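Protein chains: 2
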Amino acid sequence: MSEKYIYGFNEGNAGMKALLGGKGANLAEMVRSGLPVPPGFVITTEVCLKYLKDPKILDTIWDGVKSSVSALEKDTGKKFNDKGNPLLVSVRSGAPISMPGMMETILNLGLNDDTVEGLAAASGNRRFAFDSYRRFIQMFSSVVDEVDSGKFEHVLEACKKKLKLSFDNEIPAEELEKIVAEFKKIYKESTGADFPTNPWEQLRKAIEAVFKSWNIPRAVTYRKINKIADDLGTAVNIVSMIFGNLGDDCGTGVCFTRNPSDGTNKLYGEFLINAQGEDVVAGIRTPIHIDELGKVMPDIYKELCKLTSQLEKSYKEMQDIEFTIERGKLYLLQTRTGKRTAAAAVKIATDMVSEGLIDEKTAVSRVAPEQVEQLLHRQIDKNAKKDVLAVGLPASPGAGVGMLVFDADEAEAWEKDGKKVILARPETCPDDIHGLFAADAVVTSRGGMTSHAAVVARGMGKPAVCGCEEITIDLDAETLTARGRIFKKGDVVTVDGTTGTVLAGEAPLVEATFGDDFQKILKWSDEIARQQVWANADTPEDARRAREFGAKGIGLCRTEHMFMATDRLPVVQELIVADTLEERLAALGKLKVMQKQDFVDIFKAMDGFPVIVRLLDPPLHEFMPKEPIILDGLAELEKKGQGKSEEALRLQKTLAKVRQLHEANPMLGFRGCRLGMVYPEIYEMQIEAIFEAVADLTARGVAVRPEVMIPLVGTKPEMKFFREMTDRLAAEVAKKTGVKFDYLVGTMIELPRAALVADQLAEYAQFFSFGTNDLTQTTFGYSRDDAEGKFLFQYVEKGVFKENPFSELDRDGVGALMKIGVEKGRSVDKKLSVGICGEHGGNPASIAFCCSIDMNYVSCSPFRVPVARVAAAHAALGALK
Amino acid sequence: MSEKYIYGFNEGNAGMKALLGGKGANLAEMVRSGLPVPPGFVITTEVCLKYLKDPKILDTIWDGVKSSVSALEKDTGKKFNDKGNPLLVSVRSGAPISMPGMMETILNLGLNDDTVEGLAAASGNRRFAFDSYRRFIQMFSSVVDEVDSGKFEHVLEACKKKLKLSFDNEIPAEELEKIVAEFKKIYKESTGADFPTNPWEQLRKAIEAVFKSWNIPRAVTYRKINKIADDLGTAVNIVSMIFGNLGDDCGTGVCFTRNPSDGTNKLYGEFLINAQGEDVVAGIRTPIHIDELGKVMPDIYKELCKLTSQLEKSYKEMQDIEFTIERGKLYLLQTRTGKRTAAAAVKIATDMVSEGLIDEKTAVSRVAPEQVEQLLHRQIDKNAKKDVLAVGLPASPGAGVGMLVFDADEAEAWEKDGKKVILARPETCPDDIHGLFAADAVVTSRGGMTSHAAVVARGMGKPAVCGCEEITIDLDAETLTARGRIFKKGDVVTVDGTTGTVLAGEAPLVEATFGDDFQKILKWSDEIARQQVWANADTPEDARRAREFGAKGIGLCRTEHMFMATDRLPVVQELIVADTLEERLAALGKLKVMQKQDFVDIFKAMDGFPVIVRLLDPPLHEFMPKEPIILDGLAELEKKGQGKSEEALRLQKTLAKVRQLHEANPMLGFRGCRLGMVYPEIYEMQIEAIFEAVADLTARGVAVRPEVMIPLVGTKPEMKFFREMTDRLAAEVAKKTGVKFDYLVGTMIELPRAALVADQLAEYAQFFSFGTNDLTQTTFGYSRDDAEGKFLFQYVEKGVFKENPFSELDRDGVGALMKIGVEKGRSVDKKLSVGICGEHGGNPASIAFCCSIDMNYVSCSPFRVPVARVAAAHAALGALK
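Sequence lines, in order, name chains Y and B.
The first sequence stops at residue 901 when you use my numbering, and every number in between is there.
The second sequence stops at residue 901 when you use my numbering, and every number in between is there.
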């Protein structure tokens with residue numbers, strides 16, 4: 021056999037994770053660094069992969085295993101299968117990428133009726149020896165032969181009951197001997213064979229079990245979820261057993277080189293005297309804070325501090341370390357990168373830069389964009405008790421507490437009275453905006469991650485749980501019912517939008533962490549990133565917030581929300597119901613004054629930064645009252661004998677219009693620039709308002725960089741028409757005001773066809789902004805209003821998607837179109853500015869994709885700007901695939 | 021000047037159309053063939069293009085014009101600008117592609133106060149000379165200087181009134197002299213200048229006017245509509261005038277070498293003695309049948325027959341010829357390919373093959389696929405008087421006569437009573453299917469070319485006028501109102517779906533022409549075509565009809581129509597309302613028996629040909645009663661005190677389900693294979709039914725070639741899931757029945773994403789069928805239900821589209837996706853069978869595209885199969901771009 025399939029710990033290093041697995045490579049590295057590690061060796065991942073194809077490989081390597089065991093015997097002075105001073109080993113899996121708890125481990129291997137006596141003699145502790153033996157039988161039977169663990173537990177329980185004991189560790193040695201006999205009986209009954217007494221046979225079966233555990237369902241699922249390749253395989257670590265449970269000069273523990281909660285640079289962890297690793301986890305005894313170790317074993321503590329600090333310096337990363345003390349000697353059993361909270365990640369990364377351990381790029385790469393979100397919202401205190409009322413979709417992160425209210429007007433009124441409110445609705449619509457604004461958080465029983473409530477809440481940075489189908493909301497009774505409990509208006513609940521949970525009562529919240537360290541990370545991120553981050557903002561307040569969060573422009577300023585304001589809606593409705601161009605122009609005249617002021621305010625807030633204003637997009641019926649409301653109004657008038665009154669006629673006209681505007685599929689209907697083609701006067705009004713605002717501000721010394729964006733363009737003639745319209749009106753305003761100003765005209769790319777004919781559009785469009793919400797809908801043929809409630813989550817569950825394509829950009833389909841769009845657009849105009857303004861612009865994986873196709877910027881809701889800044893840096897670092 | 025800008029007729033030939041224009045090249049060809057053509061010359065299209073950029077080119081060529089005129093003088097023995105025997109010329113446009121009537125012509129050029137006297141003397145006819153003079157002034161003023169022609173007509177009218185004359189040609193010479201003076205005055209008043217007396221100045225201005233006429237709006241529009249390039253330019257033909265109005269030995273006429281109405285091989289046309297060409301067209305005197313020429317001028321007639329026959333032989337195509345007889349001498353003034361009806365096209369093409377004039381490919385290329393449609397439907401007699409009631413969209417061709425009925429049930433009942441009925445509805449829905457089936461034709465006041473009524477009617481080959489917004493239908497009063505006229509139930513109307521016209525009363529119809537000649541054309545087409553033509557057919561009757569029309573397979577057999585049948589709908593509704601899998605399986609069990617029989621019948625009808633069965637596609641709510649109907653039912657029960665009855669409970673459950681199934685955008689919702697993912701048992705039932713039918717028939721010796729098509733697939737996991745489901749069920753049925761059979765599993769490509777990931781789908785799909793109706797909707801983001809009523813026709817009007825993309829495939833967008841889909845699919849499976857089953861499969865231009873991307877077949881409604889067969893042949897011939 022020419023290849024090397026087995027490595028002693030003294031033969032490897034940290035760089036060999038692919039071959040030796042993470043655990044094996046790290047143990048080898050520790051040996052290299054002279055750290056006290058129990059002797060052991062590794063069977064490589066290659067053997068695993070070969071084994072899974074053909075188990076005969078084990079015959080080939082068996083001599084190697086035997087000589088490696090001999091080496092262990094030499095190192096430890098013990099002998100495998102020896103009655104005198106037996107060598108026991110642990111057999112553990114160790115994959116190249118950590119899959120904690122997914123695969124198998126067997127401890128104390130090497131025990132049988134003979135060697136257990138040797139162990140008893142050598143340890144001077146018969147109880148310990150037989151306890152180790154029964155643990156081994158239990159573990160081996162379950163892992164190797166899939167014997168139900170419950171059968172063994174049953175025996176233990178019966179014994180404790182008989183002896184009136186509370187804990188396993190109170191069972192005396194002689195009882196344990198009986199238990200071992202019973203365990204072996206269980207094994208025989210379950211498998212039809214005697215429990216293997218030959219340690220070599222035990223070892224071979226254990227190795228095989230670890231190899232096979234690569235493909236057990238929970239491991240396969242874990243890899244699928246965590247996007248780990250299936251062809252890596254696991255290594256097997258065979259390590260001589262160290263015992264922390266031989267007496268009070270023994271112990272075991274786990275520690276982090278820094279505090280994983282807040283990042284403080286001080287050893288953090290816990291330990292138990294006279295215990296095995298299992299016991300720390302099992303929670304039978306309460307572990308002791310690591311600081312106490314300094315009191316009970318000061319030398320060991322000092323050594324631990326020194327060694328772990330050495331490890332951290334060597335790895336230049338915070339370490340999570342397992343250690344065991346056997347008869348006053350410290351052993352390190354494992355080291356790995358420590359998991360940490362977002363706050364800790366930020367502090368550790370910036371501290372390590374200050375300490376000269378890592379550079380700024382590495383610091384940024386250590387803060388996951390996904391984690392950043394945690395820093396931006398209030399959260400429920402992790403330690404709080406939770407009275408879960410119902411669970412829905414985590415639609416908008418953060419937590420809010422308040423009194424239940426079922427109506428937007430009431431939410432607004434209560435909020436004005438200084439109350440904190442939670443708005444609960446079956447679903448929300450644009451009419452509820454003021455209620456959403458007033459509420460501390462939102463709950464809906466219907467709708468998905470991209471339902472109206474979810475989108476608006478995320479835009480506002482407001483916690484929301486949506487599509488909470490466990491909940492029934494009775495708007496008439498003003499009650500919320502879930503899991504058999506009824507909550508009335510005014511009852512206090514807590515909404516945890518981060519997890520999608522609704523809690524009864526007030527849960528304690530912790531504030532967002534957005535300190536100097538994080539600002540450093542953001543600053544470094546901007547220096548690293550090749551893409552700017554812009555924000556979607558419709559109001560001056562949003563624009564200011566976006567700027568505070570570091571946005572370098574506004575990628576999407578929607579004008580329809582301006583149309584929705586209470587004082588404007590009647591004028592908008594006048595406009596829609598108008599029969600003639602003249603009537604329309606009269607209504608538009610009134611709107612223009614207001615629109616102009618909107619733009620003045622937003623442009624001022626973004627002084628010096630570009631602002632992309634999107635012209636009117638939604639179908640007109642969204643601005644109209646719903647049919648039942650009009651019918652109710654008419655019925656009322658009829659009752660009062662006013663069925664022929666002017667008001668009644670107005671309502672009838674409105675009704676006719678609403679019916680005329682009705683569409684089977686409004687998403688694919690009369691909206692976007694189609695409105696501007698049929699009623700050019702509407703777009704003309706908006707464009708004039710923009711340029712008049714620009715001229716005013718330019719004259720007053722504000723640096724305005726307006727970009728006019730035409731929505732839903734799908735053809736070249738549309739783009740040409742609106743480019744010419746915009747240029748004409750800009751020239752007119754410039755002439756009228758005598759002010760010179762610059763501007764751009766561009767389009768959303770939100771239809772497959774727009775991407776496919778992007779070269780044609782780029783003849784007239786000066787910039788593209790990918791509207792990936794709509795582009796995802798049309799590319800997949802999914803209406804997000806329908807799909808998420810009806811089948812999309814089932815699709816995610818059935819594995820059709822790894823991620824909901826409305827959350828994470830679909831690279832193969834939507835992404836392919838985007839790539840085509842960017843390439844075709846730039847084939848005509850090399851310098852064409854390209855960005856994204858769909859919600860994906862705030863999703864790290866999607867940002868990585870946008871960066872990979874050379875976009876100029878990503879635009880997202882103001883609250884996600886910091887996430888996007890870090891994500892853009894990660895993309896530049898190639899840290900995200 | 022090195023290039024040749026001017027060609028004498030004796031210098032060109034028929035191949036020089038690009039340079040000399042169609043008219044000039046044909047005249048030159050006639051001269052080449054020794055035919056009697058008046059002497060003349062051509063200024064090339066190149067000069068026109070240069071002139072439009074810089075008019076100075078005329079200076080450069082002017083010497084050439086002069087020497088060409090000299091040549092004419094030599095040929096005719098007359099002299100330009102000569103008092104004795106003046107040469108007069110016509111100046112005519114002549115573009116490379118015929119644009120009849122679009123550009124300018126001036127006759128009798130060369131006349132002034134001096135030459136008119138020469139003409140009078142030479143012709144011995146003073147009246148003739150001054151009539152020619154006044155005609156010239158009128159034409160020249162209008163064409164060259166845009167003087168309003170009405171001013172001249174006004175003078176003529178006044179004169180006739182004064183002299184109490186009825187016709188222009190009754191005005192005596194002396195009055196014409198006065199009129200000439202008045203005409204010159206009008207010219208001076210309108211232009212501020214004297215009428216040009218110098219014939220050279222006249223000629224130069226006339227040439228310029230012809231060049232400029234290339235860009236007059238009507239010409240530009242004509243080119244746009246007919247897809248003629250703008251950079252061709254027009255040639256100018258300058259021809260010595262020949263006069264057919266010098267006396268009774270003169271005359272003029274138009275003839276076709278064969279009958280353009282029915283194709284009979286005999287000279288066809290009409291003529292006038294002592295007349296100019298204008299007079300034939302003007303309709304002042306009724307022209308005489310060409311046969312009469314044989315009696316009045318037997319020699320001339322014989323010569324004409326000989327010459328025209330010679331022309332036809334030379335062009336190998338039916339010719340449309342203008343001729344003039346001047347003092348007993350025959351001149352041919354123009355020849356061009358003659359326009360003809362579809363019936364004539366077929367007869368002429370097949371006759372010419374029999375005569376050995378052309379080969380079969382040429383014959384097929386002479387029958388336009390668009391014309392074929394005329395042959396397949398009854399039409400209103402062209403000569404009938406039409407009492408137009410309203411005009412809408414020509415939704416489905418052909419004509420039908422019957423009594424107005426406003427309800428589908430009634431339509432069915434009346435039809436059973438032997439009455440012919442016309443179903444008139446505001447719009448139709450699947451519930452109206454039986455009414456559509458019973459009716460002779462359909463009229464709807466709402467909906468577009470792809471509305472339900474239009475699609476179903478085209479599928480059934482039934483005439484339909486849709487979106488006829490002039491019409492108001494009052495379903496309660498059972499009246500149809502249009503243009504102030506009210507029609508009641510039972511009133512007879514005629515529907516002309518070919519033109520989109522509805523007529524009052526019974527118009528005479530002519531039957532479809534589908535004779536032996538046409539069968540020859542179809543046979544030759546199949547031999548030429550590289551693509552097969554399949555049909556979309558849902559019933560055995562459709563399948564049989566498709567076969568009769570020459571379909572080589574069924575490209576789309578929809579199963580939902582089977583679900584709609586009156587006896588099945590209640591079972592389908594049971595299925596939908598079911599709460600549990602068991603209830604669903606029970607309902608499915610009942611449906612399966614019926615489905616199996618459906619498939620047995622269709623497979624039998626298509627013995628030997630492939631049949632693609634599409635699994636259930638539409639959203640479930642389409643099978644449910646509408647909400648108002650359920651509410652009415654409930655109210656009724658309530659009234660009867662049966663509000664708690666079993667029926668009421670059932671209705672309430674149905675209502676709840678209908679509301680649950682409601683979708684904001686059903687087009688993008690829970691339909692297609694999404695149903696099959698969430699309720700696999702539905703698809704399993706259908707697949708089993710298919711294979712059980714296959715096994716039965718295979719055992720009985722029928723050659724069944726089933727292909728199972730999964731609708732609305734957008735992702736690889738979907739395709740994988742259904743491929744595996746189908747394979748598993750096929751194996752089960754084969755095992756159960758002991759019958760071996762072949763089958764294919766494939767998918768519709770009807771979502772942009774499906775095209776973009778076609779390589780992934782092709783791993784599991786064995787064929788692709790492009791569903792271009794839905795693909796067009798999602799690619800453009802147009803809901804066809806909404807777009808056609810709301811903005812699409814405005815878009816066509818405004819020139820955003822040349823054609824409605826639901827009628828003619830959009831090559832740049834939808835076509836680009838199709839190309840991607842075919843290429844990606846075949847990159848995985850070279851032999852992947854690809855077809856189209858959208859309505860575009862019956863549209864000639866779209867078929868040409870499908871052929872260009874190497875599809876295997878196109879599938880269309882049975883009635884369009886002959887159209888598609890010819891179109892596929894044309895595509896192969898490259899006759900369509």
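Be a bit skeptical, because a hint or two may be false.
Identical chains share a label here; the pair holds if one copy fits it or two copies do between them.
Straight line, CA to CA, 16 Å or less: simulated EDC-like cross-link-like pairs of lysine to aspartate or glutamate [unchecked claim]:
no., residue 1, residue 2
1, K736, E823
2, K760, E195
3, K818, E744
4, K286, D311
5, K184, E209
6, K98, E137
7, K205, D849
8, K736, D832
9, K405, E526
10, K103, D716
11, K664, E202
12, K844, E828
13, K205, D340
14, K402, D451
15, K664, E209
16, K326, E173
17, K851, E642
18, K171, E817
19, K508, E393
20, K70, E23
It is worth saying that the hints were derived from the structure and are not from the lab.
What you are looking at is a predicted structure, and each value in this text was computed from that prediction instead of being measured.
Verification of the supplied hints:
1. When the C-alpha separation of K736 and E823 is checked against a cutoff of 16 Å, the pair qualifies only between copies, where the shortest distance is 15 Å, while the shortest distance within a copy is 34 Å.
2. In this assembly of identical chains, the alpha carbons of K760 and E195 never lie at most 16 Å apart, being 96 Å within a copy and 67 Å across copies at closest.
3. In this assembly of identical chains, K818 and E744 lie within 16 Å of each other by CA distance solely across copies; the values are 15 Å between and 49 Å within a copy.
4. In this assembly of identical chains, K286 and D311 lie within 16 Å of each other by CA distance solely inside one copy; the values are 10 Å within and 116 Å between copies.
5. Within a single copy, K184 and E209 get their C-alpha atoms no closer than 28 Å, and across copies no closer than 130 Å, so neither meets the 16 Å cut-off.
6. Taking the closest pair of Cα atoms, K98 and E137 come within 16 Å of each other only inside a single copy of the chain (14 Å); across copies the shortest separation is 140 Å, beyond that limit.
7. In this homomeric assembly, K205 and D849 never come within 16 Å of each other (Cα to Cα): the closest approach is 80 Å inside a single copy and 58 Å across copies.
8. When the C-alpha separation of K736 and D832 is checked against a cutoff of 16 Å, the pair qualifies only between copies, where the shortest distance is 11 Å, while the shortest distance within a copy is 26 Å.
9. Proximity of K405 to E526 under the C-alpha cut-off of 16 Å is restricted to the intra-copy arrangement: shortest distance 10 Å within a copy versus 83 Å between copies.
10. Taking the shortest Cα distances, K103 and D716 never come within 16 Å of each other, neither inside one copy (96 Å) nor across copies (74 Å).
11. Neither within a single protomer nor between protomers do K664 and E202 lie at most 16 Å apart by alpha-carbon distance, with minima of 94 Å and 65 Å respectively.
12. Proximity of K844 and E828 under a CA criterion of 16 Å is satisfied in neither setting, with 24 Å inside one chain copy and 24 Å between copies.
13. For the identical chains of this complex, K205 and D340 are neighbours neither inside a copy (40 Å) nor across copies (108 Å), given an alpha-carbon limit of 16 Å.
14. With identical chains, the CA atoms of K402 and D451 are never at most 16 Å apart, being 36 Å at best within one copy and 58 Å at best between copies.
15. Neither within a single protomer nor between protomers do K664 and E209 lie at most 16 Å apart by alpha-carbon distance, with minima of 91 Å and 61 Å respectively.
16. For a Cα distance limit of 16 Å, the shortest separation of K326 from E173 qualifies neither inside one copy, at 40 Å, nor across copies, at 115 Å.
17. With identical chains, the CA atoms of K851 and E642 are never at most 16 Å apart, being 37 Å at best within one copy and 49 Å at best between copies.
18. In this assembly of identical chains, K171 and E817 lie within 16 Å of each other by CA distance neither inside one copy nor across copies; the values are 34 Å within and 81 Å between.
19. For the homomeric pair K508 and E393, neither the shortest alpha-carbon distance inside one copy (32 Å) nor that between copies (68 Å) is at most 16 Å.
20. Taking the closest pair of Cα atoms, K70 and E23 come within 16 Å of each other only inside a single copy of the chain (13 Å); across copies the shortest separation is 81 Å, beyond that limit.
Going through the hint list in order, the structure does not satisfy hints 2, 5, 7, 10, 11, 12, 13, 14, 15, 16, 17, 18 and 19.
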